Every structure is written in C-alpha cells, then in structure tokens.
Amino acid sequence: MGFINNAKATKATDEAKKAWAEGRGVLVYKFIEANKTSATTAPMAGVGEQIEAVEAEGWALANMAAAESKTLGGERIGLVCLFRRRV
652 MGFINNAKAT
662 KATDEAKKAW
672 AEGRGVLVYK
682 FIEANKTSAT
692 TAPMAGVGEQ
702 IEAVEAEGWA
712 LANMAAAESK
722 TLGGERIGLV
732 CLFRRRV
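By our numbering, the letter at position 59 of the sequence shown is numbered 710, and the numbering carries on one by one without gaps.
Hints were generated in silico from the structure; no laboratory data involved.
Don't take each hint at face value.
[Unchecked claim] In silico DSSO-like links for lysine-lysine, alpha-carbon gap of 27 Å or less: (1) 681 - 659; (2) 662 - 681; (3) 681 - 669; (4) 669 - 659; (5) 668 - 681.
[As the list claims (entries may be wrong)] Estimated spans, in silico, between C-beta atoms of each pair: (6) 728 - 677: 21 to 31 Å; (7) 679 - 699: 16 to 26 Å; (8) 665 - 731: 10 to 20 Å; (9) 696 - 664: 15 to 25 Å; (10) 737 - 654: 28 to 38 Å; (11) 735 - 699: 16 to 26 Å; (12) 655 - 737: 29 to 39 Å; (13) 703 - 677: 17 to 27 Å; (14) 715 - 737: 11 to 21 Å; (15) 664 - 737: 11 to 21 Å; (16) 673 - 713: 17 to 27 Å; (17) 715 - 658: 17 to 27 Å; (18) 696 - 674: 27 to 37 Å; (19) 731 - 669: 11 to 21 Å.
A quick note: this is a predicted structure, and the numbers were derived from the prediction, not measured.
No residue lacks a Cβ here, since even glycine has one placed at the ideal position from N, Cα and C.
Please build the complete structure, drawing on both the sequences and the hints.
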C-alpha cells in the first residue's frame with residue numbers, strides 16, 4: 652500500500668478507535684477510491700486495505716453504498732460504509 656493509502660488507513664483506524672471510545676455501536680465512513688481511471692472494472696485501489704484497517708479495530712462492515720465523489724483530482728467513486736460493533 653502506498654503512502655497516501657497508508658495515511659488514509661491510519662485516519663480510518665483513528666476514527667474507528669475514537670467512535671469506540673465514545674461508546675458508539677455504529678460508524679459510517681466514506682472511502683474515496685484512489686484510482687483516477689475508475690471507469691473500468693478493476694480493483695479499487697486502497698479501499699480494501701482501509702476497510703480491513705477499520706475491521707481490525709473490532710468493527711464489522713454491515714452495509715456499503717457507492718456514490719460519485721468530487722475531489723480536487725476529479726470525479727472518483729466514493730464508498731459509504733456502515734460498520735457495526737456491539738457496545
């Protein structure tokens with residue numbers, strides 16, 4: 652995983668830890684695909700690793716929805732993920 656994806660995974664991990672420390676049982680997080688050419692069928696760069704980082708904190712991915720996401724680099728795919736954890 653590259654530098655940017657590592658930073659994104661670290662941020663997601665921090666937010667997962669924070670949500671748990673606050674006693675929350677639901678975490679909704681948006682992941683933005685790193686691939687600039689998302690018009691083709693292919694692995695979504697860095698997204699799996701970021702989801703795994705949140706799940707490593709004890710959260711379980713319950714639902715996911717895709718949405719178009721506008722970024723400084725153009726349009727990318729954003730995945731809105733709902734994680735659950737028993738409080």
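Okay, the hints, checked on the actual structure:
no.	hint	in the structure
1	681 - 659	holds, 11 Å
2	662 - 681	holds, 11 Å
3	681 - 669	holds, 16 Å
4	669 - 659	holds, 15 Å
5	668 - 681	holds, 16 Å
6	728 - 677: 21 to 31 Å	holds, 23 Å
7	679 - 699: 16 to 26 Å	holds, 18 Å
8	665 - 731: 10 to 20 Å	holds, 19 Å
9	696 - 664: 15 to 25 Å	holds, 18 Å
10	737 - 654: 28 to 38 Å	holds, 34 Å
11	735 - 699: 16 to 26 Å	holds, 19 Å
12	655 - 737: 29 to 39 Å	holds, 32 Å
13	703 - 677: 17 to 27 Å	holds, 19 Å
14	715 - 737: 11 to 21 Å	holds, 20 Å
15	664 - 737: 11 to 21 Å	holds, 19 Å
16	673 - 713: 17 to 27 Å	holds, 18 Å
17	715 - 658: 17 to 27 Å	holds, 22 Å
18	696 - 674: 27 to 37 Å	holds, 33 Å
19	731 - 669: 11 to 21 Å	holds, 18 Å
When the structure is compared with the earlier hints, no violation turns up for any of them.
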